Amino acid sequence: MTELLITATLILVKLILIFAVVLSLAAYMVLAERKILGRMQLRYGPNRVGPFGLCQPLADVIKLLTKEDLVPARADRVMFLIAPGMASLIALLSFAVVPFSPPVTLFGREIPMVVCDLNIGLLYFLGLSSLAVYSIALGGWASNSKYALLGAIRGLAQLISYELSMGLAVVPVVLSAKSFSLTDIVLSQADWPNMVRHPVAFVIFMISVMAESKRTPFDLPEGENEIVAGYHTEYSGMRFGLFFVGEYINVIILGAMVTVLFLGGWHGPLLPPIVWFALKVLAVAFCFIWTRGTLPRLRYDQLMHFGWKFLIPVALANVLVTGAVMLAIGS
Amino acid sequence: MNLWRDIKGTLQAYAVTFGYLFRKPTTIQYPEEKRTPAPRYRARMVLTRDPDGRERCVACHLCSAACPVDCISMQAAEAPDGRRYAAWFRINFARCIFCGLCAEACPTLAIQMSPEYEICKRDPLSLVYEKEDLLIDGGGKDSDYDFYRHAGIGVANRRGGNADEYGPVDPGALVP
Chain A
0 MTELLITATL ILVKLILIFA VVLSLAAYMV LAERKILGRM QLRYGPNRVG PFGLCQPLAD
60 VIKLLTKEDL VPARADRVMF LIAPGMASLI ALLSFAVVPF SPPVTLFGRE IPMVVCDLNI
120 GLLYFLGLSS LAVYSIALGG WASNSKYALL GAIRGLAQLI SYELSMGLAV VPVVLSAKSF
180 SLTDIVLSQA DWPNMVRHPV AFVIFMISVM AESKRTPFDL PEGENEIVAG YHTEYSGMRF
240 GLFFVGEYIN VIILGAMVTV LFLGGWHGPL LPPIVWFALK VLAVAFCFIW TRGTLPRLRY
300 DQLMHFGWKF LIPVALANVL VTGAVMLAIG S
Chain B
0 MNLWRDIKGT LQAYAVTFGY LFRKPTTIQY PEEKRTPAPR YRARMVLTRD PDGRERCVAC
60 HLCSAACPVD CISMQAAEAP DGRRYAAWFR INFARCIFCG LCAEACPTLA IQMSPEYEIC
120 KRDPLSLVYE KEDLLIDGGG KDSDYDFYRH AGIGVANRRG GNADEYGPVD PGALVP
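Protein chains in written order, with numbering that gives the first Met the number 0: chain A, 0 to 330; chain B, 0 to 175.
No lab work stands behind these hints, which were simulated from the structure alone. As the structure is a prediction and not an experimental result, all values here were calculated from the model. All C-beta atoms in this analysis are idealised placements derived from N, C-alpha and C, irrespective of residue type, glycine included. Be aware that a few hints might be false.
[Said to hold, decoys possible] Here are the simulated BS3-like pairs of lysine-lysine, each with C-alpha atoms no more than 25 Å apart in a straight line:
| no. | chain 1 | residue 1 | chain 2 | residue 2 |
| --- | --- | --- | --- | --- |
| 1 | B | K7 | B | K120 |
| 2 | B | K7 | A | K308 |
| 3 | B | K23 | A | K34 |
| 4 | B | K33 | B | K23 |
[Said to hold, decoys possible] Anything over 10 Å on all C-beta distances counts as not near chain A; from chain B, calculated:
| no. | residue |
| --- | --- |
| 5 | A12 |
| 6 | Y13 |
| 7 | V15 |
| 8 | F17 |
| 9 | Y19 |
| 10 | R22 |
| 11 | V57 |
| 12 | A58 |
| 13 | G138 |
| 14 | S142 |
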């Protein structure tokens, strides 16, 4: 009984910690993105609220919370109201399987530094990232607006296409770790990160992940210059804020996933494991922002061509070659 | 499809944006740092004086006629020596679009545009400037120009009938 209670308390503590860290990190990702993009465009970005603009996320939240929460008159009310919550929730749920540090021994107990070490953690993550489509689809559909619907349709098509190449890109990782558990995958990278062992898979995964997070080169679902704001055109106030925060939570989650699958997770010299993990996640997040500051948006047909005619065949070939090589060297 | 060229082109863009990350931003942090406008910058209108220190404005209404938004109004009056002047002169800067047509229309170079660009006020009525607010002490951009010395001083003697008069202005050289 006490054993159960302690385990439950530990899980609760870990959940609260992850919740707090991920949410505040997402808020500061917004600031970091605005500042880095600003510097890339030779301007400062927000620097008025607090020192170096560090209170800007707080001001943003206050603004979003106090804005009117509009529901279009002919919208599907229930769907419209729950869609933004889904966006953030699904992004947050993925963090349950991410191992961010090796198990810590505290008071003679070994505490795994992951909320739930599922033996199919990778599939759980892939499943949740497919579910993320629903928030876009429902939000766009329920808005009863042509722009929102167009954005939602684009989002659906894009996410389904790039899910395939993402799934295929992680197959070599699973092959070399011989496990779907993310902890095992990290442990299998103790000497070499998968980025070195599977460079092609890494590049494909990075590109797919950028498409998955619906950010520039692949932000067609919210392409401002033709469909206003895409699937969240009709949203205002904190409901828009939830979509927005969901996007940044997604960036952190996907950064964590890239770290776990390809960058060797918490492995690294000198610094403590948790610091290495955080550094790698932030580096991936910086790459996302960097890409946003660099590349223009793809055209819709280019997006589809790139996904179906380039990434998926290359990913398939990569799976075959990797499998053949592993069979040949018998590892 | 030239794949190598495409990859190179994509990666070069990353190098460019990364380099820009370490450049100094060009932003002027407005309330703390201010740009110094050029001396001939064309912002808020002023009324200038002639070399003798008298008002140049002869209340001819050309500026208010030229004004596309009708923000200039005045009342003409005549001094005992026959000189016209504006009894009151008013520019509503809440309406002014700073097009400069009034300064162009002015035959006496009285109304000129100055580099003062900070005229934001909370109360729009305080943007209505009277003659006292508009008058400055100097002659502005062409401080030696004196309309009456070309046009005839006073109406008693016609043009050319006064000793201290100048000849007509060459319009081709009338670059202020």
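>> Hint by hint, where does the structure go against what was stated? Just the numbers, ascending.
In response: 1, 5, 6, 7, 8, 9, 10
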